[in-house]
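Q: Residues per chain, in single letters:
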Amino acid sequence: MSDKQRVTRRQFLTYTLMGVGGFMAAGTVMPMLRFAVDPALQAKAGGDLIATGLKESEITNEPQRVDFKFDQQDGWYESQVTQSAWVYKDNNGDIIALSPICKHLGCTVNWNGNEEFPNQFYCPCHFGRYEKDGTNVKGTPPRGPLDRYDYEIKDGVLYLSMRAKPRGGA
Amino acid sequence: MLNKVYDWIDERLDITPLWRDIADHEVPEHVNPAHHFSAFVYCFGGLTFFVVVIQILSGMFLTMYYVPDIERAWESVYYLQNQVAFGQIVRGMHHWGASIVIVMMFLHTLRVFFQGAYKKPRELNWIVGVLIFFVMLGLGLTGYLLPWDMKALFATKVTLDIVQSTPLIGDVLKTLIAGDEYITGAQTLTRFFAIHVFFLPAVLLGLIGAHFLMIRKQGISGPL
Ligand code: HEM
Ligand code: FES
Numbered sequence: 001m002s003d004k005q006r007v008t009r010r011q012f013l014t015y016t017l018m019g020v021g022g023f024m025a026a027g028t029v030m031p032m033l034r035f036a037v038d039p040a041l042q043a044k045a046g047g048d049l050i051a052t053g054l055k056e057s058e059i060t061n062e063p064q065r066v067d068f069k070f071d072q073q074d075g076w077y078e079s080q081v082t083q084s085a086w087v088y089k090d091n092n093g094d095i096i097a098l099s100p101i102c103k104h105l106g107c108t109v110n111w112n113g114n115e116e117f118p119n120q121f122y123c124p125c126h127f128g129r130y131e132k133d134g135t136n137v138k139g140t141p142p143r144g145p146l147d148r149y150d151y152e153i154k155d156g157v158l159y160l161s162m163r164a165k166p167r168g169g170a
Numbered sequence: 171m172l173n174k175v176y177d178w179i180d181e182r183l184d185i186t187p188l189w190r191d192i193a194d195h196e197v198p199e200h201v202n203p204a205h206h207f208s209a210f211v212y213c214f215g216g217l218t219f220f221v222v223v224i225q226i227l228s229g230m231f232l233t234m235y236y237v238p239d240i241e242r243a244w245e246s247v248y249y250l251q252n253q254v255a256f257g258q259i260v261r262g263m264h265h266w267g268a269s270i271v272i273v274m275m276f277l278h279t280l281r282v283f284f285q286g287a288y289k290k291p292r293e294l295n296w297i298v299g300v301l302i303f304f305v306m307l308g309l310g311l312t313g314y315l316l317p318w319d320m321k322a323l324f325a326t327k328v329t330l331d332i333v334q335s336t337p338l339i340g341d342v343l344k345t346l347i348a349g350d351e352y353i354t355g356a357q358t359l360t361r362f363f364a365i366h367v368f369f370l371p372a373v374l375l376g377l378i379g380a381h382f383l384m385i386r387k388q389g390i391s392g393p394l
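Protein chains in written order, with the working numbering: chain A, 1 to 170; chain B, 171 to 394.
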């Protein structure tokens with residue numbers, strides 16, 4: 001034969017057994033791994049906007065709390081959930097819809113929640129504070145500004161996204 | 171009677187060398203509190219293992235009543251604690267044991283650290299020990315959600331927030347652990363349950379096995 005190295009019987013057996021073994025191991029493990037990571041690979045639910053009970057004409061410069069409900073599918077569990085937003089018009093007349101979930105550890109913030117800090121959002125849990133536009137006050141615990149909902153006005157009524165989005169920055 | 175049974179089996183299977191190899195060796199004087207009382211510091215490793223055994227046993231019995239479903243988990247824990255005989259004791263064992271095991275592990279680690287027992291040739295066992303530490307934290311973390319009360323829910327939301335703040339892969343990581351991009355709910359509870367009751371205990375037993383094998387092979391480090 002040529003000067004190419006010949007494969008010995010032992011090597012041949014090793015390769016075949018490792019190949020078959022590897023194939024069988026992969027065949028066993030792959031379905032389980034794919035099974036486990038499914039939540040991360042599922043198509044994003046997409047953001048339907050939800051009608052709130054609030055008319056555009058009712059939105060003022062003063063933040064007001066709006067609750068809105070939608071049906072939520074959590075795996076096999078379906079339920080109606082309520083989201084809340086603080087809604088107002090800023091000086092340019094643009095609508096702002098802020099999430100009330102504190103960016104520190106998730107308590108619920110209130111507009112004018114503390115008499116000592118007028119015209120701010122106040123979190124009672126660890127005294128976190130935010131300006132009217134949601135920016136966190138430096139030196140208080142929150143790690144960032146309040147999340148914002150997407151909104152739309154349809155037939156004079158305020159529609160909000162199911163989830164609020166982070167605004168980034170600190 | 172028992173001796174006869176043992177001899178009957180031993181005659182056929184020769185099991186004596188098996189357990190002799192594992193169990194039959196002297197306790198060195200310097201680790202025996204009967205000789206030097208200060209040697210009690212050597213007990214913390216064994217105490218950690220003892221509590222782990224209690225956690226596994228009480229946990230196995232808890233699952234006879236516990237249901238990992240968001241509508242029923244809390245009710246099932248309430249029921250097993252208040253209606254089932256000795257429910258308060260069994261849940262109490264698991265509840266307090268979860269904290270005590272961390273304390274014992276910490277004391278054991280301190281002893282190893284201050285005696286320098288992690289030095290060559292025992293570096294690998296230090297590493298395995300650190301892995302055990304992480305697995306134990308994981309068990310405490312995933313178990314904490316299971317009663318599905320307010321404290322459990324919000325503690326887990328904070329945990330998931332922390333996970334999500336991981337650079338680059340934070341969002342995916344959170345979804346993987348919570349089972350949903352936004353919701354801390356039905357799928358989070360089943361995932362945590364599976365991890366708490368099957369995955370982590372399996373890993374833990376493997377690591378503890380390696381830990382003990384190495385101790386057996388290398389012996390306990392000498393006196394200071
Ligand atoms: C070192 C090992 C373990 C640690 C540190 C640990 C920790 C915990 C913690 C902190 C809780 C919450 C208890 C409470 O809030 O009262 C819990 C609950 C639970 N654990 Fe474990 N666990 C361990 C092993 C196991 C094992 C091996 C099983 C099952 C085979 C198990 C089954 C359960 C169940 C069913 C619950 C829910 C019932 C309840 O909350 O009382 N655990 N665990
Ligand atoms: S949760 Fe709001 S300040 Fe801590």
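Be careful, since some hints might not be right.
As the list claims (entries may be wrong) - Not the full set, but computed from the structure, chain A residues with beta-carbon under 7 Å of chain B:
(1) P39
(2) D74
(3) R163
Unchecked claim - Simulated restraints on C-beta separations:
(4) B:R386 x A:R167: 40 to 48 Å
(5) A:E56 x B:W266: 51 to 59 Å
(6) A:D150 x B:G286: 36 to 44 Å
(7) B:G340 x A:E131: 22 to 30 Å
(8) A:G75 x B:V223: 30 to 38 Å
Derived by calculation from the structure, the hints in this document are not laboratory data.
Remember, predicted model here, so these are calculated numbers, not experimental data.
Note that beta-carbon positions come from the ideal geometry of N, C-alpha and C, so glycine has one too.
Q: Could you check the structure against the hints above and give me the numbers of any it violates, in ascending order?
A: 4 and 6
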